[in-house]
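*Asks:* Turn these sequences into a full structure, and let the hints guide you.
Residues per chain, in single letters:
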Amino acid sequence: MMLEVTDLRLGFAAGRRTLLAVDGISFTISRGETFALLGESGCGKSATAQGLMRLLPAAGRIVGGSVSLDGEDLLALAEADMRGWRGRRMAMIFQEPATSLNPVLTVGRQIGEVLERHLGLAGAAARERMLDLLRQVGIADPERRLDEYPFQLSGGMKQRVMIAIALAGEPELLIADEPTTALDVTVQAQILDLLAKLQVDRGMGMLLITHDLGVVARMAHRIGVMYAGELVEVASREDFFTTPRHPYTQALFAALPEVSRRGTVLTTIPGQVPSLAAMPAGCRFAERCPQVMPVCRERSPEWREATPGHAVRCHWQGTTAAAEKSPDFTVDRKISEKSELLTVSDLKVHFPIRKGILQRTVGHVFAVDGVSLTISPGRTLALVGESGCGKTTVGKALLQLIPPTSGSVRLAGEELVGLRGRRLRAVRRHLQMIFQDPFASLNPRLRIGEIIAEGIGALAAAPAGQAPAAVRALLQQVGLPDDAVDRYPHEFSGGQRQRIAIARALAVQPELLVCDEPTSALDVSVQAQILNLLKQLQAELGVAYLFITHNFAVVEYLAHDVAVMYLGRIVEQGRAEEVLENPRHPYTQALLSAVPVPRLDGGEGRIRLGGETPSPASPPTGCHFHPRCPKATAVCRERYPERTAVSATHAVNCHWVA
Amino acid sequence: MMGFQIVVLWSDVLVWLLLASGIGVGVLIARSPPLLAAWRRVGASRAGMASATVLLAFLCVGLLDSLHYRVALDGKPGDKTQYAIEVLSVLDALVGPLRTENEKTYSAPFATHLYAKETVDRPGLGTVREFPRLKFGGAHLDDPATLADDVGVTAFRSVALVTLGWLALAGVVALRCGGWRAVWRGETAFAWNAVLATLAVILLVLVPLFALAGQYHVFGTDKVGQDVLYQIFKSVRTALIIGLVTTLVMLPVAVLLGIVAGYFRGWVDDLIQYLYTVLNSIPGVLLIAAAVLMMQVVIDSHPEWFATAAERADLRLLALCFILGITSWTGLCRLLRGETLKLRELEYIQAAQAFGVSNWRIILRHILPNLMHIVIIALVMDFSGLVLAEAVLSYVGIGVDPTMTSFGTMINNARMELGREPVVWWSLVAAFSAMFILVLAANLFADAVRDAFDPRVA
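Residue numbers (the working numbering), protein chains in the order written: chain A, 1 to 658; chain B, 1 to 458.
What the hints contain is simulated information worked out from the structure, not anything from laboratory work. Treat each hint with caution, since some may be false.
Stated by the list, open to error - Using 20 Å as the maximum straight-line C-alpha spacing, the simulated SDA-like pairs for lysine to any residue come out as follows:
1) B/K104 - B/P132
2) B/K117 - B/R129
3) A/K348 - A/T374
4) B/K76 - B/Q5
5) B/K104 - B/G138
6) A/K631 - A/P614
7) A/K355 - B/D270
8) B/K342 - A/R445
9) B/K223 - B/Y106
10) A/K355 - B/W267
11) B/K342 - A/F439
12) B/K135 - B/Y106
13) B/K342 - B/Q273
14) A/K348 - A/P614
15) B/K76 - B/F4
16) B/K342 - A/Q436
17) A/K355 - B/Q273
18) B/K104 - B/M416
*Replies:* See the structure below:
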């Protein structure tokens with residue numbers, strides 16, 4: 001065993017108390033093994049990693065336990081000695097590549113720092129080593145990149161550089177804290193491949209911290225599930241994906257949206273992770289557990305070995321939950337595809353790039369460059385694409401929050417582009433938006449009642465005097481208690497805030513809701529609650545959704561129609577079944593295959609996509625996708641492909657299909 | 001009972017209006033839980049509460065000095081009552097002898113004799129050059145050698161009195177806040193221990209000073225024999241008015257222009273940015289000097305506007321506040337513009353726009369409340385800067401009216417005497433210490449406010 005963590009307890013000082021964020025976790029990692037710590041936010045995963053590196057924030061305290069790497073007790077080392085270990089014997093990769101590199105130092109300086117400190121390399125020898133490292137992490141043209149600054153690199157490249165820095169000291173243990181969470185799926189696949197390859201080459205131990213079951217299935221050898229500061233289940237990859245034992249693990253799996261669960265209600269975990277200050281005495285999951293027994297509330301369960309190498313901390317002896325059939329959304333409305341609620345044709349949004357004293361326009365960012373789509377009443381159109389492809393801009397341009405450069409947006413026959421003042425306000429009753437970040441989308445200084453009533457007041461959606469009643473009805477509809485009216489947003493969790501945002505949008509009874517990644521900031525179990533709510537509301541009210549997302553699982557579960565965007569244009573659109581099961585565009589195929597699936601059998605025939613999305617300020621000539629396309633030919637470099645109909649409802653823009 | 005006529009100076013009106021609006025804002029804050037929570041954090045900060053206690057003491061002096069009146073002159077009954085030309089304040093009435101007991105010229109703190117030799121006619125001895133006894137300072141002593149005993153006894157008596165009074169006060173606080181130990185260990189939600197400790201220090205210094213001030217010039221006298229302690233008291237009001245009224249002038253301008261520039265962008269933003277960049281690039285002292293001199297000419301050419309010299313000085317003070325305000329809004333404006341630029345991209349603003357909420361309503365409901373913490377921090381921070389600016393301007397000679405006492409004029413007057421041998425140090429030291437304490441308290445309070453309103457903590 002290379003790393004042995006025994007009964008590690010970490011806390012944060014709050015006043016005179018120390019609140020335990022990690023309460024007695026033990027695990028081991030051997031050489032060449034990847035151990036994944038899995039759990040929702042606030043479970044103490046990152047605190048564990050910081051504790052191992054002894055990089056806890058100022059308020060953090062190591063309360064007890066031991067961490068030994070190759071027999072050396074890390075917690076007993078002096079800080080000066082510990083510095084010799086960090087970067088040399090153990091290294092760390094952080095979640096956000098944009099902030100983990102120093103913006104005013106060149107890449108070379110930042111790698112060189114580690115080489116000089118730990119290996120005593122300098123000058124030409126160090127430079128040679130740096131080039132070697134950059135090559136290992138798959139950076140093309142390392143000689144040039146070495147003297148560049150972080151802002152000149154893309155997100156994926158920054159993360160590669162971060163990995164190169166971590167590897168520079170040739171560590172035995174690599175701690176990766178959500179290394180791909182901030183990246184797009186295609187780039188995520190590249191980084192995961194890279195990490196897996198490097199680990200095999202060097203025989204490193206790796207502690208992978210993630211909330212994504214797909215990443216776990218792709219990377220981990222063994223998995224530890226954390227809940228509220230405790231490990232609740234430790235299993236090998238095979239056991240974990242075939243027979244998850246702990247009710248929490250099972251619930252995590254059940255909460256995942258998937259194509260097979262279409263039309264059914266997703267399983268959710270009621271309630272939320274208990275706060276550090278109010279940990280229950282017995283099993284910490286008892287309050288949310290479907291299998292809860294009286295003993296769970298009294299005694300914290302002991303470790304129990306279910307099969308060799310598969311340990312669970314649970315009183316419940318059963319294996320799988322009695323597969324209670326979750327209720328279906330029986331009212332999958334009769335969808336009239338004939339009528340069209342919203343018709344967008346050739347929508348363009350170009351942002352001018354200005355330079356110089358006189359602010360002359362020197363170019364344009366082609367954020368949205370000719371998008372056409374239609375949405376029928378009561379249906380969901382998913383707009384899918386990687387970050388920077390312009391999907392959010394499309395959503396905002398539909399609502400006229402960003403004025404479109406050209407094109408037309410017609411809602412039930414009425415042209416929206418160019419509307420102003422009173423007439424635009426009248427139209428806004430029919431269109432509303434739900435935003436990505438539930439923390440930024442509610443004004444912290446207003447009460448929930450005021451927030452929800454804002455639209456009612458501004459658009460006169462309810463007769464005067466009936467607003468309070470309307471607000472209460474809305475709260476009930478989205479599943480919040482009545483007393484929320486007088487409370488402030490900070491008193492609610494992320495999922496609850498997103499419910500409030502949905503209630504606010506519904507207050508004016510819109511026919512179309514633009515949902516801009518409404519679940520991407522939420523944990524899996526909470527995401528399931530929100531998806532259920534959206535589905536239920538669609539069944540009850542017949543609202544149409546434009547669902548903007550990068551998450552294919554959500555698309556599979558929710559969407560009727562799918563449009564895939566790349567660099568400001570739609571490259572493929574059609575019915576969800578058609579696009580997802582029979583993707584024709586190489587980009588769609590690559591996207592779909594890059595999504596890590598939370599199953600053992602995933603990952604065959606993966607299409608590796610090189611590079612990253614180019615800048616929308618200077619899109620490639622011809623087909624935008626040709627520099628990354630495995631099937632590109634000469635004609636792709638010259639001409640943008642025409643729209644080719646594959647079936648009555650399925651269309652692709654690709655020369656290869658045509 | 002002597003008759004008197006209440007005199008309402010413009011600055012008095014502003015001071016009391018400010019106090020009223022301060023109380024009004026306090027009531028509003030009490031109704032808004034997030035703001036109340038932030039102010040509770042200020043209340044829990046020991047440094048913050050200690051400095052607030054000091055500030056409150058200064059504020060009391062300033063407020064007492066902002067109630068003005070003119071005393072009726074003795075006249076024949078039946079005549080129309082004539083009022084004295086001198087405008088007095090409640091503070092003047094309270095400190096009574098300090099104002100009237102003027103010596104001939106300089107005298108050191110606790111002196112019984114003048115600081116300069118004079119030629120005196122002594123019956124039988126002819127003319128002698130000696131340090132004459134002061135008219136008031138230590139006049140009750142038969143033998144100046146017993147000075148130390150007399151001062152000691154008076155000081156001891158007042159210290160004893162203070163101790164008793166303070167213990168009574170502390171007892172009341174302890175009773176109300178759950179026991180003496182809780183208060184002393186800082187376990188109360190409000191930092192009572194800091195307040196009590198500061199109060200003890202303030203009382204221990206001030207009460208003995210007052211007790212002695214009746215018989216001695218505790219801080220000495222200045223060139224024309226005026227008591228320095230009295231001048232310090234009068235300067236407090238000037239400093240407070242400069243600090244408070246100026247912010248009142250600049251605040252609406254800064255908030256309005258800052259938000260408008262940040263929210264509307266485009267040419268409005270360009271215009272406002274050019275405006276404050278231009279204003280900022282003119283040397284401040286030069287601009288203020290030009291404005292003050294122009295105003296001086298206007299005031300001097302219209303003597304009929306003013307019934308008393310106090311009114312003239314008052315108008316000049318207000319004009320100075322106004323000029324300082326006009327030149328100092330740029331910093332806050334720039335800060336607010338930047339913050340508004342950030343806020344307007346937030347999703348709740350976009351949600352409001354999607355509802356068709358009007359721009360001004362968005363500014364009032366969504367932007368202004370989320371900027372308030374910056375405004376409050378800037379206000380408290382600017383206060384100390386302005387008090388110092390007044391001192392500098394008065395020192396240069398373009399500050400307040402020469403007849404008005406301020407820290408700046410005090411320092412300016414004392415400046416010449418530093419070159420004198422033996423040196424006259426007390427005037428400068430007293431003004432310096434008083435200003436130092438005021439500005440330090442304001443700065444510490446500003447720090448506490450900033451910490452409490454820091455969004456990372458909230």
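*Asks:* Now tell me if each hint is right for this structure.
*Replies:* Consistency of the hints with the structure:
1. Proposed proximity of B/K104 and B/P132 is supported: the alpha carbons are some 10 Å apart, at most 20 Å.
2. Restraint check: the Cα-Cα separation between B/K117 and B/R129 comes to about 6 Å, which is no more than 20 Å; the hinted pair holds.
3. Between A/K348 and A/T374 the alpha-carbon distance is near 15 Å, which keeps this suggested pair within the 20 Å criterion.
4. With a CA separation close to 18 Å, the supplied pair B/K76 and B/Q5 stays within the 20 Å bound.
5. Restraint check for B/K104 and B/G138: the C-alpha separation of about 15 Å stays at or below 20 Å, so the hint holds.
6. With a CA separation close to 18 Å, the supplied pair A/K631 and A/P614 stays within the 20 Å bound.
7. For the suggested pair A/K355 and B/D270, the alpha carbons sit about 15 Å apart, so the restraint of at most 20 Å is met.
8. Using a Cα cut-off of 20 Å, the hinted pair B/K342 and A/R445 holds, with the two alpha carbons roughly 16 Å apart.
9. Under the criterion of a C-alpha separation no larger than 20 Å, the hint pairing B/K223 with B/Y106 is consistent with the structure, at around 5 Å.
10. For the suggested pair A/K355 and B/W267, the alpha carbons sit about 17 Å apart, so the restraint of at most 20 Å is met.
11. Under the criterion of a C-alpha separation no larger than 20 Å, the hint pairing B/K342 with A/F439 is consistent with the structure, at around 15 Å.
12. For a cut-off of 20 Å, the pair hint linking B/K135 to B/Y106 stands: about 12 Å separates their Cα positions.
13. For the hint linking B/K342 to B/Q273, the alpha-carbon distance of about 17 Å falls within 20 Å, and the restraint holds.
14. For the proposed pair A/K348 and A/P614, the alpha carbon gap of about 18 Å is at most 20 Å, so the pair holds.
15. For the hint pairing B/K76 with B/F4, the CA-to-CA distance comes to about 16 Å; that is within 20 Å, so the pair holds.
16. About 17 Å separates the Cα atoms of B/K342 and A/Q436, which keeps this hinted pair within 20 Å; it holds.
17. A hinted pair counts as satisfied when its Cα atoms are at most 20 Å apart, and A/K355 with B/Q273 qualifies at roughly 18 Å.
18. Our distance criterion of 20 Å between C-alpha atoms is met by B/K104 and B/M416, whose separation comes to about 18 Å.
In terms of the numbered hints stated before, the structure departs from none.
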